[in-house]
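Novice: Sequence:
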Amino acid sequence: MASQDGGRGTESLRSVLHGAVDREQFDYDALVAGVHQRAGRIRRRRAVATGVAVAVLGPAAAAGAALVLPDILPGGDSTTIAPATRPDEAPTTAPADDDAVTADPTPPWQDGAPPLPEGGFEVNEDLPNAWEIPDPRPTGVAALDDLGMPQLAAAYPRTVPVMNLMVCDPGRTGGAEPEAGLSFDYFTDDPDDPVINLQVTGWEDSGAARDGLLDDDYLLCTWSPRPGEPQPWPGHEGDDDHLVFAPEGSDQVAAVVRQGDYLVAVTVQDTGAAEDIELAREIAGKTADNLEALDPVHGPDQG
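Quick note on my numbering: the sequence shown kicks off at 2 and runs consecutively.
One thing to keep in mind: the hints can contain errors.
[What the hints assert, rightly or not] Per label pair, the in silico range of CB-to-CB distance: (1) Gly-250 <-> Asp-146: 37 to 47 Å; (2) Asp-191 <-> Asp-217: 29 to 39 Å; (3) Gly-113 <-> Gly-239: 33 to 43 Å; (4) Gln-303 <-> Arg-173: 19 to 29 Å; (5) Gly-236 <-> Ala-143: 13 to 23 Å; (6) Ala-209 <-> Asp-112: 13 to 23 Å; (7) Glu-126 <-> Gly-250: 11 to 21 Å; (8) Pro-116 <-> Glu-279: 19 to 29 Å; (9) Gly-208 <-> Glu-133: 21 to 31 Å; (10) Gly-208 <-> Gly-229: 30 to 40 Å; (11) Asp-206 <-> Asp-240: 32 to 42 Å; (12) Leu-117 <-> Ala-143: 18 to 28 Å; (13) Ala-143 <-> Pro-233: 33 to 43 Å.
Hints in this document: simulated from the structure, not taken from any laboratory. We put the beta carbon where it would ideally sit given N, CA and C, even for glycine.
Build the full structure now, drawing on both the sequences and the hints.
Specialist: Next comes the structure, spelled out in structure tokens:
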């Protein structure tokens, strides 16, 4: 669905290009030239309409704005190495004991490795993840199984916490950015299929990042449109670590779970029906459970 001309993916790409950086900060002519240069390859991957899976934040930390669209920017061919680590930086949480670190993790909602696009993860060598995030996607979720492998998968931190419902234009001065991130976009050419985005972002202070979503502050990116009050999540009433957003007038719904140093956000774009909210909750909850098992350092609850 997202790859059709005039479809929802095109509109999402247009929104990201508008919201990520302003025109004075970015060479649009170079972007257009790069798009034409690599159009054949992009079409083969059915990703031209939804390159937004790696929507970037506004200004770079020290060198102005940065817009990273893998395989689209001139000279920007991606590589397929695993997310890099920063050995000179201390982890943001205390390491777990040796037994916990060396034990074979058993994620409760994952039977084998989830599928990846040909070539694996897109990465940004200039801005790698602060730590390697294990792939926590759940298996056995009917909607994901029906969609097959994600059309896009990215492993770097310069991304929005909740895809398609937040913008960085140009960004909140001094706002917090993720330190690590994984992004997955699922879609097909069938207009009856949903479009699903899964974001896993790692934070220095995940509690403050969660509060930033609730209060629309602290973070570099802001809501667009404003999501209103969180919707009910059965079994997690009054739990700010389990949030559902359904902005009025939007065809997108999102479920967000705080797990350890992470925020897990799932956005579903389809009909806006209650089934979409249920699907977003299922994927977000199971992904968070898997993270807790797979990452003994950053995954456990921090209080």
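Novice: Taking the beta carbons of Asp-191 and Asp-217, is their distance inside 29 to 39 Å?
Specialist: holds, 35 Å
Novice: For the pair Leu-117 and Ala-143, does the Cβ-Cβ distance stay inside 18 to 28 Å?
Specialist: Because 20 Å falls inside the window, the suggested range holds.
Novice: Hint says 21 to 31 Å; check whether the CB-CB distance for Gly-208 and Glu-133 agrees.
Specialist: holds, 22 Å
Novice: For the hint 13 to 23 Å, verify it against the beta carbon of Gly-236 and that of Ala-143.
Specialist: With Cβ atoms ~21 Å apart, the hint holds.
Novice: At the C-beta level, are Glu-126 and Gly-250 separated by a distance inside 11 to 21 Å?
Specialist: Because 39 Å falls outside the window, the suggested range is violated.
Novice: Has the hinted range 30 to 40 Å been met by the Cβ atoms of Gly-208 and Gly-229?
Specialist: Because 22 Å falls outside the window, the suggested range is violated.
Novice: I want to verify a distance hint. Is the separation of the beta carbons of Gly-250 and Asp-146 within 37 to 47 Å?
Specialist: Hint violated: Cβ distance 31 Å, outside 37 to 47 Å.
Novice: Are Ala-143 and Pro-233 spaced within 33 to 43 Å by their CB atoms?
Specialist: violated, 23 Å
Novice: Given the hint of 33 to 43 Å, is the C-beta distance from Gly-113 to Gly-239 inside that range or not?
Specialist: holds, 36 Å
Novice: Using the beta carbons of Asp-206 and Asp-240, state whether their distance is inside 32 to 42 Å or not.
Specialist: violated, 19 Å
Novice: Given the hint of 19 to 29 Å, check if Gln-303 and Arg-173 actually sit that far apart at their C-beta atoms.
Specialist: Given about 24 Å between the Cβ atoms, the range holds.
Novice: Can you let me know if the beta-carbon spacing of Pro-116 and Glu-279 is within 19 to 29 Å?
Specialist: holds, 23 Å
Checked against the numbered hints listed earlier, the structure breaks hints 1, 6, 7, 10, 11, 13; every other hint is satisfied.
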